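Residue numbers (UniProt numbering), protein chains in the order written: chain Y, 1 to 465; chain V, 1 to 465.
Do not rely on the hints blindly, as some may be mistaken.
Pairs involving identical chains hold if they fit within one copy or between any two copies, as the list cannot separate such chains.
Taking lysine to aspartate or glutamate and the DMTMM-like style, the derived pairs with C-alpha atoms no more than 20 Å apart in a straight line are [said to hold, decoys possible]:
(1) 258 with 48
(2) 283 with 72
(3) 148 with 107
(4) 446 with 170
(5) 446 with 358
(6) 173 with 261
(7) 258 with 170
(8) 446 with 48
(9) 258 with 23
(10) 173 with 431
(11) 446 with 261
(12) 283 with 399
(13) 446 with 259
No wet-lab data here; the hints were simulated from the structure. Note that this is a predicted model, so its numbers are computed, not measured.
Now for the letters of each chain:
Protein chains: 2
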Amino acid sequence: MTATSPVLPARTPDSRAASLLAESAAAVDGGVMTHREFFRWLDERREEQAQRVERVPFEALRGWDFDPRTGDLRHATGGFFSIRGLRVRSGFGPVREWSQPVILQPEIGMLGIAVREFGGVLHLLMQAKSEPGNVNGVQLSPTVQATKSNYTRLHGGSAVPYLDSFRVPDPRKVVADVLQSEQGSWFLHKRNRNMVVEVGPEVEAGRDFCWLTLGQVNALLHHDNLVNMDARTVLSCLPDWRYASGDSARDHTSALHKDLEIRSWITRRRAEHDGAVELIPLKDAEGWRRSGDALSHARGLFFSIVGVDVSSGRREVPAWTQPLLQPHGTGIAALLVRNIGGVRHALLRARAEPGFLDVVELGPTVQCAPENYAHLPPADQPPYLEEVLRRRSAGVLYDTALSEEGGRFRNAQSRYMIIEVEEDFPTSAAEDFRWVTPWQLDALLKYSHHLNVQARTLVAALRTL
Amino acid sequence: MTATSPVLPARTPDSRAASLLAESAAAVDGGVMTHREFFRWLDERREEQAQRVERVPFEALRGWDFDPRTGDLRHATGGFFSIRGLRVRSGFGPVREWSQPVILQPEIGMLGIAVREFGGVLHLLMQAKSEPGNVNGVQLSPTVQATKSNYTRLHGGSAVPYLDSFRVPDPRKVVADVLQSEQGSWFLHKRNRNMVVEVGPEVEAGRDFCWLTLGQVNALLHHDNLVNMDARTVLSCLPDWRYASGDSARDHTSALHKDLEIRSWITRRRAEHDGAVELIPLKDAEGWRRSGDALSHARGLFFSIVGVDVSSGRREVPAWTQPLLQPHGTGIAALLVRNIGGVRHALLRARAEPGFLDVVELGPTVQCAPENYAHLPPADQPPYLEEVLRRRSAGVLYDTALSEEGGRFRNAQSRYMIIEVEEDFPTSAAEDFRWVTPWQLDALLKYSHHLNVQARTLVAALRTL
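Excised from the complex, chain Y in its bound form:
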């Protein structure tokens, strides 16, 4: 990753990165900051960044208004984001046509983690960042987490720290750089640039930042609501350090399906699912009701749009108001894994979420809020949901409550689970599902829009096991 690194052998362009990452993953404590020091620092950050977040009625939002003609919720400047209506026609699933509110934010934001060697061990520059929608205020974020309006300072505000490390980096210092989607049920065509860039000793940790080894970050991924969604997606875009070149587990013969079969399956699902998605005036979203306090589904399902007022004790941070999307119920995002021929495979589902730019991406085995399915008959329950809920601890390798992005979503928590099933669990699966190896996921993650944001969290978690 440095300009002076020796020329690498054929077809292992990531091998130096992989071995540096593997060493960093093995460093589970110590380094620049011990585990204990980290939590003390985090507590201080929490105290210092304490925010008061209050639900307020829509009329208390400053600068945000419902357009009288369309019912769309927008900011007076036309900036930030807007809440619009979406009409979806799908040829698949129990509900084939619906409309809903959706967040429109047609910009590509930047999510970047800077990495730097300390004593030969790579450390990641992580940020303690409070977001109004977080259940617990501060979570651990990437070095840079900025919308384009943020970092071009369209709305004023201070400069984004460390941004220059990512905007025009030395190409040889880039470890990962790929556009990835966000929640396709809540956002229309939202995606961010996920970057990891190696920096030199000139880059130091500011007050709200800390250097952690990959092993430390991986351990923190097992804490509830600590590593935020933006950090998790960037981590998933790192090359998988567990499969350095020459690793026999990477042998293509040990995957249940050839790489081409997996790509062909995704292509087919995309071609079959080309349903129609169109923006409509929010007031025309059938089945949704607006009161003074919330825009909600008539049956109380899915989510509501609400308003919040955010203030801090600090004079230099002005108060603001904004809408947030508040999901109903706690989500489940579960990945079944099993040993097939000596290699751990994961069961991915090809999901058509209406907000995806390219129709279908691979998601977890199960991804839903069970409450939203309570009114549907057993045949329309998500496949494998019962299987996941039935297991208490047998085979559960990972079970952590994690938050979705607190800048847009309020109290959006999901229970992320990785469950190992027995070797008599069928390897054949319905057309929507395929067993995929970790290095096949790694290859798909190098190109945009193959794994959804929930699956990316689970890939990051899987690599910690």
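Given chain Y, put chain V in place with the hints provided.
Okay, now just chain V, sitting in the frame of chain Y:
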């Protein structure tokens, strides 16, 4: 590619396909049909499929009308495609905001070539197909070239031959399967599924079909207006048979840029170019005028939308009318190549065409109709255009007139050129350009939307040299 083929060694999953393709590419004549027999067969097809195509005024189009409210040109059934307005705001280039007509066809069509072994040599099942926009009627097409409306028989019509070989193939028989874009200046978000599937002896060539070796098809790619656009894009999605495993030229050290650098460059261009593109009523497309005969740009630039009446001498083929997009002037699509460190690299340009689903794809070094730039100052001429036009024969490896899709475009010809430049030609290039190796192009072609349709034609041509 067959179910009984031996297990392949690590990281060369395509090596059997590559070696079969290499053998087929080496078979330049003979096989099922000689070169001479092919041309005799093609002449017969041309005679039999002769169409009379006449320009007609819009009012003579049957079933097609301009919507009185929007001015959009649509079919009464809502099917086929429509001509809409597009407003484009771009942060780059000499013209930063414009509106234009665009073809909207929100369906994923199927382009498939069936391959079959004859005497151990792979042959491709090619089709002689007439299209109303072709300058010469019949061209050589893929085995299947069908819109989704076609193949689901939405508009009636007869079944598409050979479709079943592609709809749900044995996954082990799939050689290529990927969604690829079409002209981003003329279509909004159009893409097709590009497939190559191996079939067995039960599949025989019908009257309008013939079996050709890859070597024969490659030779035909050097004939003007013979191999159609749809066949060329499918050919480009074949794994590159010239770089089988173990080929020293594939050594990663011999590429000017690492694979990750190329992907990072594409990511950056996409993130920077996130301009706004929106559908508008066609009547609101500023600078465009509609007469009874054509919808054209006020200054006669770019293209016109016109109507045609198509009939054949054959009773079983009913006559029909339809709109076509007729470009003004002959396009140029030129690829500069040069030897860098013993490996031929090609100079690709990251292009933001408004109709691309993912903002930016790699195009040829030069892609334009020079007429459209005649009114602009020298500084706004396309880079390298003068370089390309200046060369008469020195270094010209490929120079063939080829047609774009005759089902939507009328007389749309471009001069496709591959020009080898000297080793003192600079390897550094402006931010829009990068020198890329053939196997890097091959990797990008395995994933959707990295190379535009003109670049894909040039990749197919490059592999014939």
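Verification of the supplied hints:
1. Proximity of residue 258 and residue 48 under a CA criterion of 20 Å is satisfied in neither setting, with 51 Å inside one chain copy and 43 Å between copies.
2. In the homo-oligomer, the alpha carbons of residue 283 and residue 72 lie at most 20 Å apart inside one protomer (7 Å), although the nearest pairing across protomers, at 26 Å, exceeds that limit.
3. Taking the closest pair of Cα atoms, residue 148 and residue 107 come within 20 Å of each other only inside a single copy of the chain (6 Å); across copies the shortest separation is 32 Å, beyond that limit.
4. Proximity of residue 446 and residue 170 under a CA criterion of 20 Å is satisfied intra-copy only: 19 Å inside one chain copy versus 27 Å between copies.
5. Taking the shortest Cα distances, residue 446 and residue 358 sit within 20 Å of each other both inside one copy (16 Å) and across copies (16 Å).
6. In this assembly of identical chains, residue 173 and residue 261 lie within 20 Å of each other by CA distance solely across copies; the values are 9 Å between and 33 Å within a copy.
7. In this homomeric assembly, residue 258 and residue 170 come within 20 Å of each other (Cα to Cα) only across copies, at 13 Å, whereas the closest approach inside a single copy is 35 Å.
8. Within a single copy, residue 446 and residue 48 get their C-alpha atoms no closer than 38 Å, and across copies no closer than 49 Å, so neither meets the 20 Å cut-off.
9. When the C-alpha separation of residue 258 and residue 23 is checked against a cutoff of 20 Å, the pair qualifies neither within a copy, at 30 Å, nor between copies, at 23 Å.
10. When the C-alpha separation of residue 173 and residue 431 is checked against a cutoff of 20 Å, the pair qualifies only between copies, where the shortest distance is 17 Å, while the shortest distance within a copy is 40 Å.
11. Proximity of residue 446 and residue 261 under a CA criterion of 20 Å is satisfied in both settings, with 17 Å inside one chain copy and 12 Å between copies.
12. Taking identical chains as interchangeable, the C-alpha atoms of residue 283 and residue 399 are never at most 20 Å apart, the minima being 39 Å within one chain and 56 Å between chains.
13. For a Cα distance limit of 20 Å, the shortest separation of residue 446 from residue 259 qualifies both inside one copy, at 14 Å, and across copies, at 10 Å.
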